[in-house]
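What follows is each chain in one-letter form.
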Amino acid sequence: MISIREIQETNRMIEEMNLDVRTITMGISLLDCIDSNLEVLNQNIYNKITTLAKNLVSTGDEIAKEYGIPVVNKRISVTPIGLIGASACKKSEDFVTIAKTLDRAGKEVGVNFIGGYSALVSKGMTKAEELLIRSIPLALSSTDVVCSSVNLGSTKTGINMDAVRLMGEMIKETAELTKYQDSIGCAKLVVFCNAPDDNPFMAGAFHGVTEADCIINVGVSGPGVVKKALEQARGKDFEFLCETIKKTAFKITRVGQLVAKRASEMLGVPFGIVDLSLAPTPAVGDSVAEILQEIGLEHPGAPGTTAALALLNDQVKKGGIMASSYVGGLSGAFIPVSEDQGMIDAVLEGCLTLEKLEAMTCVCSVGLDMIAIPGSTTAATISGIIADEMAIGMINQKTTAVRLIPVIGKEVGDQAEFGGLLGYAPIMPVNSFNCEAFVNRTGRIPAPVHSFKN
Amino acid sequence: MKRAIITVVGKDTVGIIAKVCTYLSGANVNVLDISQTIVSGFFNMMMMVDVSKSTCDFDKLSDELDEVGKSIGCSIRIQLEDIFDMMHRI
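Going line by line, the protein sequences match chains A and B.
Residues in the first sequence are numbered consecutively from 1, following the working numbering.
Residues in the second sequence are numbered consecutively from 1, following the working numbering.
Simulated from the structure, these hints should not be mistaken for lab results.
A portion of the hints provided could be inaccurate.
Distance condition first, Cα-Cα at most 30 Å in a straight line; then the derived BS3-like pairs of lysine-lysine [claimed, not checked]: (1) K123(A) x K156(A); (2) K65(A) x K19(B); (3) K2(B) x K247(A); (4) K179(A) x K90(A); (5) K123(A) x K356(A); (6) K53(B) x K65(A); (7) K19(B) x K261(A); (8) K261(A) x K60(B); (9) K127(A) x K156(A); (10) K2(B) x K60(B); (11) K65(A) x K261(A); (12) K107(A) x K19(B); (13) K2(B) x K65(A); (14) K318(A) x K247(A); (15) K60(B) x K65(A); (16) K19(B) x K2(B); (17) K54(A) x K2(B).
Far from chain A, some chain B residues (derived; all Cβ distances over 10 Å) [stated by the list, open to error]: (18) K11; (19) V14; (20) Y23; (21) S35; (22) G41.
Here are the in silico distance ranges between beta carbons for each label pair [to be verified]: (23) H450(A) x V39(B): 53 to 61 Å; (24) T126(A) x T55(B): 56 to 64 Å; (25) L31(A) x D59(B): 33 to 41 Å; (26) D414(A) x V9(B): 42 to 50 Å; (27) D63(B) x R12(A): 21 to 29 Å.
Here a beta-carbon is modelled for each residue, glycine too, at the ideal position from N, C-alpha and C.
Using the sequences provided together with the hints, build the complete structure.
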């Protein structure tokens, strides 16, 4: 029987340490909505989403009540629109109509984000995918809840440098079109290498073509719980430290597994995966940076940061994997700058630079995330940063991502305000030495030698 | 059987258990087990209950228990037992 001590432990995690279920994300396949008539396609998409996700938000709220744990976000991911719109969309504006349909459907069912305005172009772009990519700035500036992602490379295919170059331009254009809100459009746009098909977290969630018609993926989070647990590990050896992280990650992930099962049961939709990420928010005590400090660093960015993060990421996975048989998505520690007060402080103290963040992405679960850079940064420089990050993912056979926000009209020393979960961020300096001749080469970077495993 | 855990935390006063149990009996919720401690004047109680024959749905139970708690200056929450089992038992 459960003891009063165990009950108190769970409830303290929820009440004092910000343990929550970060998102229940319903993945919906739109493949059966495809039509060559744009109007029919839009209607099909709207109908399918509003039918399947009708009870998503109320179910999330009901589960929160049953277990006494907050279910913070309810979201939807759909099949990459670059595929769905291919036969109906003849110009970029046609794709924008689909973005608006997604926005309308998302608002109708009450979710706070809908992801999948995406293209998977790791080896090459179809005409339609190029049109979709070119429509991203307009799509993101004329919608509220739509998120966009583009997969630019993979270990198996190499890196599509034509798409990398194009995305540098699109990020700049998105920033321009949303400049009155500190270029917030770019916060809803992420590029990937080795993008997972079942990621429940935004902005990169999409419903891969390998997935079933409709599934439930759940993302749990609890950096505050890990941080608190590590207070007992001060001055102890690495074994004790790792054991503490593993045990905590196990407990957190079990909650995710429970919620995912329950949601799948209530909605009559199969359960996909639990994503066991440590996802921070701007709230105090909900920070990955604070975990790194608890491990023994003055601020993230200090020497030892990459090793500490590698250790943290690995132990989170080891603990979480035992808690659920279906772990997927990104699963690991997120290191966004604007969404983590400890990271913001480290930047302001001058401890954390873009280059150190890049090194950290070699061992964390995603990449350069929610980093505000000067609005004057050129498209070529952005493409260069993206190419570096994609290369890390390609060579290390891991997912990497870039979500940079060139804040138009702001420079180093200024601050960008995004509000809510997206937080605020100091503008970080960027190495502005020229890389145009590199970025302007056409074609792709070949797949690395270790991808030839057949 | 659908088991839930009720936790009551607050300043100790006369009749806390009576108030909670009166409400539960009105809602046809069966009490299976109670454990209770008082640490430096603070009342701490855990009840295991069966809600399968309850006359009101879980959402209403939760809201009304919250109200009962407010009336006696305690915090009362009800959660399905599964969350504790999942987290603390392999």
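Results of checking the hints against the structure:
no.	hint	in the structure
1	K123(A) x K156(A)	holds (9 Å)
2	K65(A) x K19(B)	holds (22 Å)
3	K2(B) x K247(A)	holds (28 Å)
4	K179(A) x K90(A)	holds (28 Å)
5	K123(A) x K356(A)	holds (29 Å)
6	K53(B) x K65(A)	holds (19 Å)
7	K19(B) x K261(A)	violated (35 Å)
8	K261(A) x K60(B)	holds (23 Å)
9	K127(A) x K156(A)	holds (22 Å)
10	K2(B) x K60(B)	holds (16 Å)
11	K65(A) x K261(A)	holds (16 Å)
12	K107(A) x K19(B)	violated (43 Å)
13	K2(B) x K65(A)	holds (15 Å)
14	K318(A) x K247(A)	holds (9 Å)
15	K60(B) x K65(A)	holds (10 Å)
16	K19(B) x K2(B)	holds (22 Å)
17	K54(A) x K2(B)	holds (27 Å)
18	K11	holds (17 Å)
19	V14	holds (22 Å)
20	Y23	holds (18 Å)
21	S35	violated (6 Å)
22	G41	holds (17 Å)
23	H450(A) x V39(B): 53 to 61 Å	holds (59 Å)
24	T126(A) x T55(B): 56 to 64 Å	holds (59 Å)
25	L31(A) x D59(B): 33 to 41 Å	holds (36 Å)
26	D414(A) x V9(B): 42 to 50 Å	holds (46 Å)
27	D63(B) x R12(A): 21 to 29 Å	holds (23 Å)
In this structure, the earlier hints numbered 7, 12, 21 are contradicted, and the remaining ones agree with it.
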